[in-house]
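Colleague: Chains W, L, S and F supply the protein sequences, listed in that same order.
Number 174 in this note's numbering belongs to position 174 of the first sequence; there are no gaps in the numbering.
Number 1 in this note's numbering belongs to position 1 of the second sequence; there are no gaps in the numbering.
Number 175 in this note's numbering belongs to position 175 of the third sequence; there are no gaps in the numbering.
Number 147 in this note's numbering belongs to position 147 of the fourth sequence; there are no gaps in the numbering.
If you're looking for bench data, these hints aren't it; they were derived computationally from the structure.
Under 7 Å between C-beta atoms, here's a sample of chain W residues computed to sit facing chain L:
id, residue
1, Tyr8
2, Val9
3, Arg11
4, Tyr12
5, Ala13
6, Thr14
7, Asp15
8, Gly16
9, Tyr17
10, Arg76
11, Ser79
12, Gly118
13, Pro162
We put the beta carbon where it would ideally sit given N, CA and C, even for glycine.
There are 4 protein chains.
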Amino acid sequence: MQEYFATYVDRYATDGYGPARNLLEMIELAGQVKDLSVVDINYPFPGGEVSLDAVGKALKKQNLSVIGITPEIYTREFSRGAFTNPDKGVRRRANELINEAADVVRHFGAEYVKLWPGQDGWDYPFQADYKNLWNMSLDGIGELASQNPDLKFVVEYKPREPRNHMSFDSVSRTLLGIEKIGLPNVGILLDFGHSLYGCESPADPVGN
Amino acid sequence: MQEYFATYVDRYATDGYGPARNLLEMIELAGQVKDLSVVDINYPFPGGEVSLDAVGKALKKQNLSVIGITPEIYTREFSRGAFTNPDKGVRRRANELINEAADVVRHFGAEYVKLWPGQDGWDYPFQADYKNLWNMSLDGIGELASQNPDLKFVVEYKPREPRNHMSFDSVSRTLLGIEKIGLPNVGILLDFGHSLYGCESPADPVGN
Amino acid sequence: MQEYFATYVDRYATDGYGPARNLLEMIELAGQVKDLSVVDINYPFPGGEVSLDAVGKALKKQNLSVIGITPEIYTREFSRGAFTNPDKGVRRRANELINEAADVVRHFGAEYVKLWPGQDGWDYPFQADYKNLWNMSLDGIGELASQNPDLKFVVEYKPREPRNHMSFDSVSRTLLGIEKIGLPNVGILLDFGHSLYGCESPADPVGN
Amino acid sequence: MQEYFATYVDRYATDGYGPARNLLEMIELAGQVKDLSVVDINYPFPGGEVSLDAVGKALKKQNLSVIGITPEIYTREFSRGAFTNPDKGVRRRANELINEAADVVRHFGAEYVKLWPGQDGWDYPFQADYKNLWNMSLDGIGELASQNPDLKFVVEYKPREPRNHMSFDSVSRTLLGIEKIGLPNVGILLDFGHSLYGCESPADPVGN
Numbered sequence: 001m002q003e004y005f006a007t008y009v010d011r012y013a014t015d016g017y018g019p020a021r022n023l024l025e026m027i028e029l030a031g032q033v034k035d036l037s038v039v040d041i042n043y044p045f046p047g048g049e050v051s052l053d054a055v056g057k058a059l060k061k062q063n064l065s066v067i068g069i070t071p072e073i074y075t076r077e078f079s080r081g082a083f084t085n086p087d088k089g090v091r092r093r094a095n096e097l098i099n100e101a102a103d104v105v106r107h108f109g110a111e112y113v114k115l116w117p118g119q120d121g122w123d124y125p126f127q128a129d130y131k132n133l134w135n136m137s138l139d140g141i142g143e144l145a146s147q148n149p150d151l152k153f154v155v156e157y158k159p160r161e162p163r164n165h166m167s168f169d170s171v172s173r174t175l176l177g178i179e180k181i182g183l184p185n186v187g188i189l190l191d192f193g194h195s196l197y198g199c200e201s202p203a204d205p206v207g208n
Numbered sequence: 001m002q003e004y005f006a007t008y009v010d011r012y013a014t015d016g017y018g019p020a021r022n023l024l025e026m027i028e029l030a031g032q033v034k035d036l037s038v039v040d041i042n043y044p045f046p047g048g049e050v051s052l053d054a055v056g057k058a059l060k061k062q063n064l065s066v067i068g069i070t071p072e073i074y075t076r077e078f079s080r081g082a083f084t085n086p087d088k089g090v091r092r093r094a095n096e097l098i099n100e101a102a103d104v105v106r107h108f109g110a111e112y113v114k115l116w117p118g119q120d121g122w123d124y125p126f127q128a129d130y131k132n133l134w135n136m137s138l139d140g141i142g143e144l145a146s147q148n149p150d151l152k153f154v155v156e157y158k159p160r161e162p163r164n165h166m167s168f169d170s171v172s173r174t175l176l177g178i179e180k181i182g183l184p185n186v187g188i189l190l191d192f193g194h195s196l197y198g199c200e201s202p203a204d205p206v207g208n
Numbered sequence: 001m002q003e004y005f006a007t008y009v010d011r012y013a014t015d016g017y018g019p020a021r022n023l024l025e026m027i028e029l030a031g032q033v034k035d036l037s038v039v040d041i042n043y044p045f046p047g048g049e050v051s052l053d054a055v056g057k058a059l060k061k062q063n064l065s066v067i068g069i070t071p072e073i074y075t076r077e078f079s080r081g082a083f084t085n086p087d088k089g090v091r092r093r094a095n096e097l098i099n100e101a102a103d104v105v106r107h108f109g110a111e112y113v114k115l116w117p118g119q120d121g122w123d124y125p126f127q128a129d130y131k132n133l134w135n136m137s138l139d140g141i142g143e144l145a146s147q148n149p150d151l152k153f154v155v156e157y158k159p160r161e162p163r164n165h166m167s168f169d170s171v172s173r174t175l176l177g178i179e180k181i182g183l184p185n186v187g188i189l190l191d192f193g194h195s196l197y198g199c200e201s202p203a204d205p206v207g208n
Numbered sequence: 001m002q003e004y005f006a007t008y009v010d011r012y013a014t015d016g017y018g019p020a021r022n023l024l025e026m027i028e029l030a031g032q033v034k035d036l037s038v039v040d041i042n043y044p045f046p047g048g049e050v051s052l053d054a055v056g057k058a059l060k061k062q063n064l065s066v067i068g069i070t071p072e073i074y075t076r077e078f079s080r081g082a083f084t085n086p087d088k089g090v091r092r093r094a095n096e097l098i099n100e101a102a103d104v105v106r107h108f109g110a111e112y113v114k115l116w117p118g119q120d121g122w123d124y125p126f127q128a129d130y131k132n133l134w135n136m137s138l139d140g141i142g143e144l145a146s147q148n149p150d151l152k153f154v155v156e157y158k159p160r161e162p163r164n165h166m167s168f169d170s171v172s173r174t175l176l177g178i179e180k181i182g183l184p185n186v187g188i189l190l191d192f193g194h195s196l197y198g199c200e201s202p203a204d205p206v207g208n
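Using the sequences and the accompanying hints, generate a full structural model.
Modeller: Given below as structure tokens:
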């Protein structure tokens with residue numbers, strides 16, 4: 001949802017491609033989409049704080065329910081990584097933010113916490129200790145899955161952007177990581193565009 | 001200059017990759033770069049209004065001079081195009097903004113007004129009347145060159161981004177356009193990265 | 001036609017992806033394509049020598065006519081270029097071969113000689129004197145157009161492959177070259193795939 | 001070795017970029033490369049049959065030894081796949097050819113049989129039953145590894161070309177496959193260029 005109803009900003013139109021909207025306005029817009037029944041909401045809520053109660057009412061009014069919550073672990077604070085940030089305090093903050101998002105998933109009876117560690121990766125060859133980075137990613141997600149055995153965590157992989165190379169870059173790599181974590185409540189969310197972006201034939205990973 | 005000393009923002013780190021800075025702070029940062037002697041400044045000045053006088057003093061303090069001014073004709077107001085905007089009023093506003101930038105060029109004795117019409121183009125096949133778009137681009141630049149015969153206007157081409165296809169996409173296309181405009185004070189600014197981005201061998205366009 | 005009915009070979013299946021065929025067999029195959037009325041034939045004829053007379057009969061039998069002839073100026077002999085080959089003798093041989101192809105165009109009453117100088121270009125930055133290469137390309141084509149004022153020569157541009165960079169890489173570059181040649185019987189053949197390959201929106205060059 | 005000393009052919013210079021050479025001539029050329037000590041040889045030997053004895057003598061003369069043998073399972077016969085060919089007879093022929101190559105590995109005391117199943121994959125979405133294709137690939141390689149427990153088989157992955165999508169497309173996918181095969185004598189040969197081609201940072205897969 002966040003990609004369709006939020007204000008889009010880039011380094012050209014730094015003032016955005018439309019007026020700023022808060023979550024309640026986005027939900028109202030989402031409600032106008034025929035056949036739409038579920039939404040995936042960023043956390044912290046985009047466009048400024050609103051109460052869980054207000055969100056719940058807005059959703060009900062539009063006949064929408066929450067399928068997942070996506071903690072924003074790729075903003076300025078996490079620009080050097082969430083699970084792999086060299087600063088232990090930032091890694092702790094990422095864990096806390098995602099645990100808060102897990103509570104929102106419980107509140108709405110949603111299906112998953114979606115993890116998109118977009119800043120966890122590298123930009124240049126030899127910039128990072130790849131193996132260490134990979135292990136930190138797996139440790140961070142494993143810790144969350146252990147802390148919340150009642151919830152599902154899904155990893156949304158993407159080859160690159162904003163980082164030139166994301167640690168979770170492809171379906172195969174993500175599967176290898178999940179096998180290594182070895183917990184039953186970690187899975188994959190396949191973004192169709194990200195799969196095409198990585199030159200996959202999306203029906204291929206789905207079948208495997 | 002704007003690319004190195006301004007705050008960078010994208011749709012991920014929507015709060016930017018660093019603290020906001022105004023032009024005077026950017027000039028101070030630029031002054032710390034060894035061997036840097038000239039800067040190209042965006043207009044309106046990034047980071048909030050400052051007087052021409054204050055900018056001049058800040059530059060002098062850092063032993064920097066202005067080589068060119070780049071009017072921001074690609075922000076939200078111009079997201080449907082500057083020279084090719086379907087709204088005549090917006091096209092007029094682009095012309096005015098660039099004429100203001102021309103005055104800043106005169107004020108600093110700079111060499112050129114740089115035009116980067118990043119939103120003038122299209123995203124999908126058949127989205128636009130290509131020929132009409134092209135003619136509007138040439139008319140818009142020709143009008144500016146006629147209004148300011150004492151100044152040079154340089155077009156910075158780029159294949160795409162933010163638009164999937166920019167009207168001024170390559171050195172050859174831009175040369176064809178400049179020939180058609182037929183005025184002596186319109187030229188090209190070759191951005192090395194943009195040239196590589198378009199699969200040119202940059203020394204090839206330079207030699208022609 | 002050559003692309004669809006000839007035997008395709010690459011560096012993997014070096015023995016080809018099907019049995020070798022001569023031109024008469026290809027024409028017979030072409031005749032089976034519903035609604036196909038014209039063919040573009042490589043010269044020398046692919047698959048071994050056959051007489052013009054035999055080709056004419058085969059075409060008539062299939063209700064096909066020749067729209068153009070494509071001299072093969074990109075085989076081993078011309079692997080360092082046709083118009084831009086450093087060996088003057090090879091450049092002369094290219095001119096002779098294309099003039100022979102021009103005679104075949106006259107014989108069949110076809111519309112054009114198609115020039116695809118696929119080996120005229122470069123692979124690495126600074127490998128070539130770009131300007132010199134460009135001028136040799138224009139001289140070579142200009143000479144042909146002058147020698148055959150009764151015929152049309154059309155240049156089929158392509159961004160790259162086999163060369164990393166072909167001299168005639170885009171519609172704009174080719175138009176600039178044609179303007180410089182300044183003869184009325186030189187034009188462009190737009191290959192839809194080559195245009196997409198170069199990130200053009202094909203309807204854009206067509207309209208210009 | 002086959003890439004540097006064999007005659008290169010493509011669909012443009014269909015007569016090749018140089019004179020044809022047989023294996024003995026290639027070995028002589030390889031011997032002129034300073035610091036080269038090992039070669040990887042295609043099987044059947046390129047350029048026409050020569051005896052194992054003659055090859056051994058030619059290698060000895062140049063102080064070269066064989067590091068691996070690459071059976072050509074991507075020529076016309078295998079253009080619809082080697083391990084995944086819909087024709088059971090062709091799959092059998094691939095197995096036989098690779099077993100012959102295994103004997104050559106034993107003859108020269110080389111380190112591995114290299115498998116590059118370049119035609120095993122697909123070109124279009126939904127062209128193939130991806131899961132079935134994948135299982136056939138794993139079965140085919142597993143059978144070979146079982147038949148030759150004394151030898152190592154290494155898979156050289158590549159994202160695409162000649163197929164638009166190769167089954168063994170990346171290091172992660174190949175690792176997943178090898179885990180599933182579950183035999184100790186199956187590994188990966190990392191081609192540096194193929195890894196870059198797939199947007200990997202080659203030191204990353206190596207470290208994992």
